[in-house]
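S.K.: In case you want the letters, here they are:
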Amino acid sequence: MPDKLKEREPLWREEFSVFKADERYVNRRQLAKFLTLGSLGMFAGNLWILVRGWFRKAPEFARSVVAKAGEIPIGGVKLFQYPKEGEQCIMVRTAEDSYVAYSQKCTHLSCAVYYEHELNRLECPCHQGYFSIHDGSVLQGPPTRPLPRVVLERKGEDLIAIRMEPEA
Amino acid sequence: MPNHSNPQQNRGLTAIDAVTSLLVMVLIVQIWLLSATLDNYLAGHTEAALPAAIVSGLLCATCFALYRFVRHVDREARG
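Chains A and B, in that order, are what the protein sequence lines are. In terms of our numbering, the first sequence opens at residue 1 and continues consecutively. In terms of our numbering, the second sequence opens at residue 169 and continues consecutively.
Hints in this document: simulated from the structure, not taken from any laboratory. Glycine residues also receive a C-beta, built at the ideal position from the N, C-alpha and C atoms. It is possible that part of the hints are untrue.
Here are the in silico distance ranges between beta carbons for each label pair [what the hints assert, rightly or not]: (1) B:Asn178 - A:His127: 46 to 52 Å; (2) B:Ser203 - A:Lys57: 22 to 28 Å; (3) B:Ala204 - A:Glu87: 23 to 29 Å; (4) A:Leu37 - B:Thr182: 31 to 37 Å; (5) B:Arg239 - A:Lys57: 16 to 22 Å; (6) B:Phe232 - A:Pro125: 43 to 49 Å; (7) A:Val77 - B:Ser203: 29 to 35 Å; (8) B:Ala186 - A:Gly41: 21 to 27 Å; (9) B:Ile222 - A:Pro125: 36 to 42 Å; (10) B:Arg239 - A:Gln140: 16 to 22 Å; (11) B:Ser203 - A:Trp54: 18 to 24 Å.
Calculated Cβ distances over 12 Å to all of chain B for the following chain A residues [what the hints assert, rightly or not]: (12) Arg63; (13) Lys68; (14) Glu71; (15) Val92.
I would like the entire structure built from these sequences, with the hints used as guidance.
M.R.: Here is the structure:
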């Protein structure tokens, strides 16, 4: 009886009957399968963006008086919320009769940007992202997209925010 | 125990390794494509979405063809 037991394959080999060469094959095949499914996922992501783009509605923005002309000095800033409560924006008076306004949320990781008067640019202090004060484009740093611009209209002494470009 | 390290199997493994490398490269291109399209979409530009989806679909089809090739080689090499 003990001799018979010796002749038999060990129990672990019966239960895990995978040869090394076969195992390498299985691993490679499974990796190829995983990569192919990953590729399918990427394609699905692109399709999702395409469909979202097709069904994207142009948002409607309310007109809102955000400041009075002359309320802030040249080179000064004013913070306001637009288009909704809690969506912080920054307005800068760049010249006697020139005002610009942008979303204050950095397009990198949403830190609040501030106006750097000496260098005439907007700066994100979290990762040193810099934006042009003229059009909100990225000058330097990790952000890849410009700051959404608040389009302003002047009516008498009122500075009115009419929409965001591109939509926030 | 049968010998699993014959030349045919080794050739098969080399072919599968080559195809896996190609799959990795295709996937990297697709990841780049998706991140670029998403970045454009978030910036309000949707013009790039259609060409990106078409190219991504073609790359995905390439991946499936390569995967079929892996299965075919695998089956042949192992008998």
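S.K.: With reference to the structure, classify each hint as holding or not holding.
M.R.: Hint by hint, here is what the structure shows:
| no. | hint | in the structure |
| --- | --- | --- |
| 1 | B:Asn178 - A:His127: 46 to 52 Å | holds, 49 Å |
| 2 | B:Ser203 - A:Lys57: 22 to 28 Å | holds, 25 Å |
| 3 | B:Ala204 - A:Glu87: 23 to 29 Å | holds, 26 Å |
| 4 | A:Leu37 - B:Thr182: 31 to 37 Å | violated, 24 Å |
| 5 | B:Arg239 - A:Lys57: 16 to 22 Å | violated, 45 Å |
| 6 | B:Phe232 - A:Pro125: 43 to 49 Å | holds, 47 Å |
| 7 | A:Val77 - B:Ser203: 29 to 35 Å | holds, 33 Å |
| 8 | B:Ala186 - A:Gly41: 21 to 27 Å | holds, 23 Å |
| 9 | B:Ile222 - A:Pro125: 36 to 42 Å | holds, 41 Å |
| 10 | B:Arg239 - A:Gln140: 16 to 22 Å | violated, 49 Å |
| 11 | B:Ser203 - A:Trp54: 18 to 24 Å | holds, 20 Å |
| 12 | Arg63 | holds, 20 Å |
| 13 | Lys68 | holds, 30 Å |
| 14 | Glu71 | holds, 30 Å |
| 15 | Val92 | holds, 22 Å |
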